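J.: Assemble the complex: chain P is given as a structure, and chain W must be docked to it using the hints.
Chain by chain, the residues run as shown.
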Amino acid sequence: MEKINLLGICCNWSPYACYNAAGMAKMKMPPNFRLIRVMCIGRINQAMILRAFEFGADGVILLECKDEDCRYGPGPEVGHVNVQRVREILRLLGIGQKRLVERSFSAHEKEELVKALWDFAELIESMGPNPAKPRQERVV
Amino acid sequence: MPLDDPRIDRIIREYSLYQCLECGKCSASCPRLLAGKEYSPRLLAHKLIAEREDEAFIENSVWECLTCGLCEERCPSGVEFSRFILEMRALLAESKGLKGYRAHDGALHSWMRMMTSPDLEQNRLDWVDPELRVASEGPIAFFTGCAPYFDVFFSGIEVDTLSIVRDSIKLLNFLDIEPVLLKDERCCGHDLLWTGDIENFEILCKLNYNEFKAAGVEELVVSCPEGFHVLSEHMPKVIPGFDIKVTLLIDLLEREIRKGGKAFQPFKRRVTYQDPCRLGRMSGRYDGPRALLSMVPDLKLREMENSGRSAICCGNSGFINCDAYSKRIQVQRLREAKATGADLLVTACPKCMIHLTCAMSDPNKRGSLKMEIRDLVSVLADHIEYSEGEEFIKGRK
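In order, the protein sequence lines correspond to chains P and W.
35 is the number of the first residue of the first sequence in this note's numbering; add one for each residue after it.
-11 is the number of the first residue of the second sequence in this note's numbering; add one for each residue after it.
If you're looking for bench data, these hints aren't it; they were derived computationally from the structure.
Partial chain W-side listing against chain P, Cβ under 8 Å, derived: (1) His92; (2) Asp93; (3) Gly94; (4) Ser98; (5) Trp99; (6) Arg101; (7) Ser105; (8) Leu108; (9) Gln110; (10) Asn111; (11) Arg112; (12) Pro136; (13) Tyr137; (14) Val140; (15) Ser143.
Chain P stretches covered by chain W per the calculated footprint, using a threshold of three residues with CB under 8 Å from any CB of chain W: (16) 82 to 96; (17) 125 to 135; (18) 154 to 167.
Here are the simulated EDC-like pairs of lysine to aspartate or glutamate, each with C-alpha atoms no more than 20 Å apart in a straight line: (19) P:Lys132 / W:Asp114; (20) P:Lys37 / W:Asp107; (21) P:Lys167 / W:Glu109; (22) W:Lys233 / W:Glu190.
Predicted model only: the values in this text are computed from it and were never measured.
Yeah, the Cβ is synthetic: ideal placement off N, Cα and C, and Gly gets one too.
Okay, chain P solo, but in the shape it has when bound (with noise of 0.2 Å):
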């Protein structure tokens, strides 16, 4: 079967430090994932959702923080649009609503957070691969 690339889009603040934490507790990770971090989900639009999709990923997770602990101020409720908006295009592509994941945590939730990544890369896993895996943008 083929690989399946998980990425997951971390919000630098309560996610990242959860995740921080997960490492230095040497807690297991899901093989074939990735994340990158960003200082705000509110950061992230939908383009760089799609792109993650048009570059092969078979599954997208975004991991922010509480509505109420955002650093910035709007950074969840930006998300929840995005992915909104975002998930209804993978509907209309085909590709599958489900395959991206929007999760959010508070600093201390450690165990929360490996769990959720677990359940994602389950179901992408189920899911099997992106049907779309279109060539890639020509790199400069």
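T.: Relative to chain P, chain W alone:
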């Protein structure tokens, strides 16, 4: 160095750049230059002929053009500027990659490229409501285009481009045509083609052609000018022996209405009309839309200061290089529309609708640019009737 490429000499010759008299009419009419951008079609032609070592300038300029074709319209020497830009972009993209700032961070180009995947099973047709009569195979198909995607992506500015598609099908049904809608039709590839991504454009063409053939399609009806331009002009170059007739919906409509038996209900509005560049300057349809509007009783068409052949672009093409200068063009265009005293802006291209609606929503303009905007097809679908006056289209508001 790519600019030493002998193919550039061919492109320059083929699109008549050597005929350039340096009269400067192109630069004097370029909306992008007039909006203040440091870009000049005249200088680009000059540099390519006489100073080709200025690579940076040439490359920037090639990606900067709107491809609206206004310079080409004014050029006394017949330089085919838009097509020249198209080929230069393809050539530069080959060696230097795709350039030009992608609007919306390239999200639209992303999904267009995702559509090059052959295994795609799209869900693009769930907006089809039961009152529309459509088929899954047959000789006549309607090309939906990107409308279902646009409405999701641009839901922030509340454009309804799917209404154009619904109204097109209502009109076809009115003419007793039950068009085929293809479940796995791809993007026509206009934006990829015009931004230099020829490789993916050709894949889209081939996938689309196979879809048409599999459904037994002999004639394609298109309402989007970009779709029409690409399917009728560029797709036959990619597919050898392309044997599908491509018809523009408004052409079909005008022909059918002139046969008699159909007319429009009165629509008492003052409207103005935005000529889309792909419909007007690229496909030569200036009179058709105006003739159709003139058939609607009580409708008064007020032309903008720049209309028909001199119409100004909606500010952006192919979703690249949307910036403050595009915005200036759009604001100027909307002010022209307002100055006509019209209260409805009619356009014929979903992208004009998206771009102008976006400019209208600018909070800094405090609503001073707001104006109702509708597609030509929707205005016509709302008012068409049998001239006996008995059988109206069912289910219209």
